[in-house]
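Model the full structure from these sequences, guided by the hints.
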Amino acid sequence: MDEYDERPRKQLDERAGGDAATGGRGRVFRAGQRKDGRRTSAVLKERTGRAKPGVEASLALYGEETRRKDWGPQVAPRREPAPQERSVRLRLEVQGGRISVLDSTVVDVPPADRSAARGTAFIEVRAGKSVVALEPLVDPGLSIGIPDRSDPADAFRGHRVIEDDTWEAVVRVPVEAVADREAELSVSIYRASERLILEAESDLPLARRSRRVEEVATSAPIRAAELPHLEVERDERKPGAGSSAE
Amino acid sequence: MADSVTVLQDVGSGGKTLAILGDGFAAGADQTTYDTYVRDVVMKQVFGDGYYNEDAAAWNIRRVNLESVHSGASTRTWNLNGTPSNTADDTSTEMIFDTALGIISNGEWWHGWFENGANTKKRIDDALAKWAPGADFTLIIVNSTLPGGLRTGSVLKVTTQEGWDVIAHEMGHGFGDLEDEYSATGKGAYSSGEPARVNVTIERTRSKLKWKQFVAGTTPIPTGTGNAAGWTSGTKPTGWDDTSDAGTFEGGATFERGIFRPVIDCRMNSNTPDFCPVCYTELKDTYHGPAKHSFSRVVPGRFSSSLGSEFIGVEDRALTVYRADGPRWAHKRTTAAVVPGSWEIRPGDRYWAGDFDGDGRDELVVYNSTDWVFPYLALIKVDTDGRMRVLARYDGDIPGWGGFARNDDFLVGDFDGDGRDDLLVVNFDDWSMPYVATLISTGSGFFQSRRYDGDIPGWGGLARNDEIMVVNARGTSQDDLLIWNSRDWSSEYLGLFRNQRGSFRCIRMWEDDIPGWGGFAEHDRFFVGDFDGDGKEDLYLFNGSDWANPYLAMFRSTGSDFAFVRMFDGDVPGWGGMRSHDRFMPADLTGDGRVDLFAWNMDDWSHDYAGRMISNGSNLSADFREGWVGEWRLGSVDRFERVPERHRIRVTTGHSQAIVIGPLTRKGPDRILAHNADWMSSFSGTGPLGMNSIYNRWVHNYRFGRNW
Numbered sequence: 000m001d002e003y004d005e006r007p008r009k010q011l012d013e014r015a016g017g018d019a020a021t022g023g024r025g026r027v028f029r030a031g032q033r034k035d036g037r038r039t040s041a042v043l044k045e046r047t048g049r050a051k052p053g054v055e056a057s058l059a060l061y062g063e064e065t066r067r068k069d070w071g072p073q074v075a076p077r078r079e080p081a082p083q084e085r086s087v088r089l090r091l092e093v094q095g096g097r098i099s100v101l102d103s104t105v106v107d108v109p110p111a112d113r114s115a116a117r118g119t120a121f122i123e124v125r126a127g128k129s130v131v132a133l134e135p136l137v138d139p140g141l142s143i144g145i146p147d148r149s150d151p152a153d154a155f156r157g158h159r160v161i162e163d164d165t166w167e168a169v170v171r172v173p174v175e176a177v178a179d180r181e182a183e184l185s186v187s188i189y190r191a192s193e194r195l196i197l198e199a200e201s202d203l204p205l206a207r208r209s210r211r212v213e214e215v216a217t218s219a220p221i222r223a224a225e226l227p228h229l230e231v232e233r234d235e236r237k238p239g240a241g242s243s244a245e
Numbered sequence: 000m001a002d003s004v005t006v007l008q009d010v011g012s013g014g015k016t017l018a019i020l021g022d023g024f025a026a027g028a029d030q031t032t033y034d035t036y037v038r039d040v041v042m043k044q045v046f047g048d049g050y051y052n053e054d055a056a057a058w059n060i061r062r063v064n065l066e067s068v069h070s071g072a073s074t075r076t077w078n079l080n081g082t083p084s085n086t087a088d089d090t091s092t093e094m095i096f097d098t099a100l101g102i103i104s105n106g107e108w109w110h111g112w113f114e115n116g117a118n119t120k121k122r123i124d125d126a127l128a129k130w131a132p133g134a135d136f137t138l139i140i141v142n143s144t145l146p147g148g149l150r151t152g153s154v155l156k157v158t159t160q161e162g163w164d165v166i167a168h169e170m171g172h173g174f175g176d177l178e179d180e181y182s183a184t185g186k187g188a189y190s191s192g193e194p195a196r197v198n199v200t201i202e203r204t205r206s207k208l209k210w211k212q213f214v215a216g217t218t219p220i221p222t223g224t225g226n227a228a229g230w231t232s233g234t235k236p237t238g239w240d241d242t243s244d245a246g247t248f249e250g251g252a253t254f255e256r257g258i259f260r261p262v263i264d265c266r267m268n269s270n271t272p273d274f275c276p277v278c279y280t281e282l283k284d285t286y287h288g289p290a291k292h293s294f295s296r297v298v299p300g301r302f303s304s305s306l307g308s309e310f311i312g313v314e315d316r317a318l319t320v321y322r323a324d325g326p327r328w329a330h331k332r333t334t335a336a337v338v339p340g341s342w343e344i345r346p347g348d349r350y351w352a353g354d355f356d357g358d359g360r361d362e363l364v365v366y367n368s369t370d371w372v373f374p375y376l377a378l379i380k381v382d383t384d385g386r387m388r389v390l391a392r393y394d395g396d397i398p399g400w401g402g403f404a405r406n407d408d409f410l411v412g413d414f415d416g417d418g419r420d421d422l423l424v425v426n427f428d429d430w431s432m433p434y435v436a437t438l439i440s441t442g443s444g445f446f447q448s449r450r451y452d453g454d455i456p457g458w459g460g461l462a463r464n465d466e467i468m469v470v471n472a473r474g475t476s477q478d479d480l481l482i483w484n485s486r487d488w489s490s491e492y493l494g495l496f497r498n499q500r501g502s503f504r505c506i507r508m509w510e511d512d513i514p515g516w517g518g519f520a521e522h523d524r525f526f527v528g529d530f531d532g533d534g535k536e537d538l539y540l541f542n543g544s545d546w547a548n549p550y551l552a553m554f555r556s557t558g559s560d561f562a563f564v565r566m567f568d569g570d571v572p573g574w575g576g577m578r579s580h581d582r583f584m585p586a587d588l589t590g591d592g593r594v595d596l597f598a599w600n601m602d603d604w605s606h607d608y609a610g611r612m613i614s615n616g617s618n619l620s621a622d623f624r625e626g627w628v629g630e631w632r633l634g635s636v637d638r639f640e641r642v643p644e645r646h647r648i649r650v651t652t653g654h655s656q657a658i659v660i661g662p663l664t665r666k667g668p669d670r671i672l673a674h675n676a677d678w679m680s681s682f683s684g685t686g687p688l689g690m691n692s693i694y695n696r697w698v699h700n701y702r703f704g705r706n707w
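Protein sequences, first through last, are from chains A and B. Quick note on numbering that gives the first Met the number 0: the first sequence kicks off at 0 and runs consecutively. Quick note on numbering that gives the first Met the number 0: the second sequence kicks off at 0 and runs consecutively.
Hints in this document: simulated from the structure, not taken from any laboratory. Be a bit skeptical, because a hint or two may be false.
[To be verified] Here are the simulated DMTMM-like pairs of lysine to aspartate or glutamate, each with C-alpha atoms no more than 25 Å apart in a straight line:
hint	chain 1	residue 1	chain 2	residue 2
1	B	K129	A	D102
2	B	K291	B	D9
3	B	K120	A	D69
This is the structure:
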């Protein structure tokens with residue numbers, strides 16, 4: 000027995016039309032009406048929504064159509080940036096294998112994509128034991144000048160690679176990572192022996208996740224409260240009236 | 000003029016951000032120079048072609064206009080004192096000016112082309128933090144008459160003397176972490192271990208090559224040996240492509256030997272070629288997600304040409320024209336973020352194709368009722384080079400319609416017979432009654448010619464569940480309508496409507512049955528197609544669930560009626576049995592001018608099926624594939640589209656093979672496009688279904704190998 004056993008077959012040899020109730024389906028008439036050629040669906044009032052303005056009224060409302068080359072931007076709904084669309088931007092300085100934070104600011108852009116980090120060098124920020132940012136770096140510590148197009152083919156020097164004693168990097172971390180004033184941030188930069196594709200979301204620091212990376216620079220732990228210039232909404236009281244001011 | 004930022008391209012969250020800054024450009028004419036360089040070199044040349052155009056939708060692009068007090072960057076002129084490699088003894092003179100970033104242009108390779116002035120690093124960072132805090136890559140254009148380019152991590156400085164090819168090469172480093180593939184003269188041999196980057200290797204064993212998937216078995220490994228080698232392994236094969244055919248060629252990462260690159264010449268070698276398959280694939284893998292690529296939505300048509308086959312891939316923030324190249328497809332052009340004119344591409348866009356200007360090429364109509372404060376409708380033209388532009392846009396309403404609404408829907412047909420497709424706009428959901436209107440095309444826009452409030456004359460009332468179809472019942476230049484309703488009334492109704500003297504009216508109505516069908520039922524489905532090749536569109540009717548057996552019938556159009564031709568009771572010969580979830584799409588699969596049915600069923604059997612029901616004019620014969628069509632594994636997530644084909648007829652004489660008569664064109668067999676989020680395939684139905692091509696995540700015809 001299959002799904003079709005209880006249904007009738009079409010009566011293909013019967014005269015078409017006529018009383019449809021005898022079509023062999025045992026069909027029950029629905030509560031609707033038959034079309035009678037006279038009434039419009041305005042009578043039906045299927046919905047309690049409003050009616051459109053008349054055509055003439057609509058033409059009057061629209062105004063004159065003008066020929067244009069550019070219609071300008073479309074109007075987007077206004078919305079406030081969601082919390083996850085903000086981050087803390089850290090400007091870092093690397094010198095002699097030591098990383099320090101030069102500046103920090105809250106910006107209205109989300110942290111870097113957390114789906115995957117792909118490359119041959121990486122910067123990682125940890126808040127306590129959690130990894131809060133992992134981003135690829137390209138040629139960390141190098142300034143690379145383009146080839147000189149005036150070089151003859153038999154004396155082509157290619158790029159000029161300069162190793163910088165001091166260089167900078169930028170990384171964005173979630174605002175939540177610094178919301179706790181006592182949270183300790185630490186930053187590391189790694190070089191990989193091959194191109195890696197890493198899950199950016201992880202509880203493990205990169206050094207413990209992969210044997211193919213070498214840490215080339217690191218920072219001392221930094222308390223969130225000590226991040227320079229950072230103003231984050233925190234639940235904290237104002238200094239007491241008796242505190243000295245410079 | 001104060002500093003400012005202009006968003007040149009907004010692809011939303013999830014995209015990367017390219018920040019473009021200028022230094023040494025004063026207020027006024029300098030800013031125009033800077034803007035023009037960004038527009039012409041970066042936007043049009045770098046992102047306008049090749050790989051960067053394919054993944055343009057991965058990038059939000061912000062142009063930051065910084066006003067320098069002085070016009071022209073600071074300069075420093077170095078005297079190398081005859082010992083160029085010893086920079087310690089070099090002396091210099093300089094002219095330091097007040098510019099926004101304080102960058103010094105020195106025009107000297109030995110000194111890296113640029114140097115930082117006072118607080119340059121901080122000034123760059125301050126500008127980025129203020130105007131483009133999410134920058135993933137920064138391009139700084141320096142107003143200098145000297146040559147130069149310098150990349151420090153993800154910040155690239157170039158003078159205005161540098162062209163698109165330098166930027167494109169350097170972005171290969173910055174975007175894809177790709178290695179150089181050229182050799183510097185006298186650099187000697189590479190002597191370290193296996194390099195980390197994907198496009199260079201010291202490996203000489205085929206099976207261990209990083210890019211072995213792209214190397215044909217007939218290609219010798221190594222393929223070229225010696226300093227900066229080309230092909231040295233015997234005779235270079237005829238047709239070998241120096242950029243697209245892979246092997247192993249000695250010389251790379253600036254070294255002359257001891258290390259191998261994948262191709263003879265790639266963008267990472269000499270700038271101007273596009274990327275080789277290895278570099279291309281690395282970039283595509285990296286930016287597939289940020290670009291939000293997907294094959295989920297496609298719109299078939301012929302957009303850039305009146306011949307051939309094309310489709311437009313619709314993504315959240317991009318539209319891409321793909322063109323058939325024999326059995327395969329090729330990327331033609333991507334429009335990211337905004338169609339000039341303008342239409343900002345958004346996920347809620349819905350597209351329809353039609354030849355709205357009667358030039359033999361399709362245009363696009365787009366409607367978005369979800370992403371904006373009010374709905375928008377636009378007409379988009381696709382030029383022969385694949386670029387798009389807005390011809391007309393209607394903000395919130397089109398005169399006479401009374402306001403766009405969320406559930407407005409559109410059908411395409413030529414309702415006035417002038418050779419230009421028009422629109423029928425319908426709304427059964429948002430108002431107190433159904434509304435329908437004809438929007439007649441002028442070639443460059445639409446005007447409402449007639450609105451039907453609640454009824455179309457002769458129909459007895461529009462109702463919520465009316466299903467409207469376009470049909471060319473007479474085989475003329477003017478399309479008619481069919482309306483079907485099996486749910487709102489006590490009877491089932493089918494109506495044929497014709498536009499007469501500017502107004503549609505019902506010229507024929509069938510109540511409860513059409514002779515030969517044996518009675519309408521709730522789940523009857525209609526498919527329009529000229530199955531007998533007489534130029535008039537006919538009907539296939541199917542009901543898989545209301546009767547003891549599934550039924551499929553053929554009704555041919557007489558121009559004002561549909562006459563019964565044949566009934567299939569339970570099966571079409573060769574199909575193996577119809578079932579309730581059989582699905583159909585009319586298509587001329589064989590190219591004989593008769594519209595057949597492409598059929599599939601992913602629900603009712605233990606395997607998935609797709610196949611053909613071929614019309615001989617009065618009968619159908621079927622065949623099917625089980626589970627697979629070539630390499631395409633059938634599945635419930637698959638969607639199918641009919642892609643029409645038109646080609647030029649080559650008429651030759653006995654004396655010459657040249658085209659002597661023309662242009663004559665004819666319709667070719669329709670292609671069937673199978674697609675889901677990550678996969679796309681093209682089927683041929685000229686015989687039992689066959690797979691012509693298959694693509695994973697992106698359309699690229701690798702010379703050898705594939706990206707999966």
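Going through the hints against the structure:
1. For the hint pairing K129 (chain B) with D102 (chain A), the CA-to-CA distance comes to about 13 Å; that is within 25 Å, so the pair holds.
2. Taking the CA atoms of K291 (chain B) and D9 (chain B), the gap is near 13 Å; set against the 25 Å cutoff, the hint holds.
3. Proximity of K120 (chain B) to D69 (chain A) is assessed by CA-CA distance (about 39 Å); at most 25 Å being required, the pair is judged violated.
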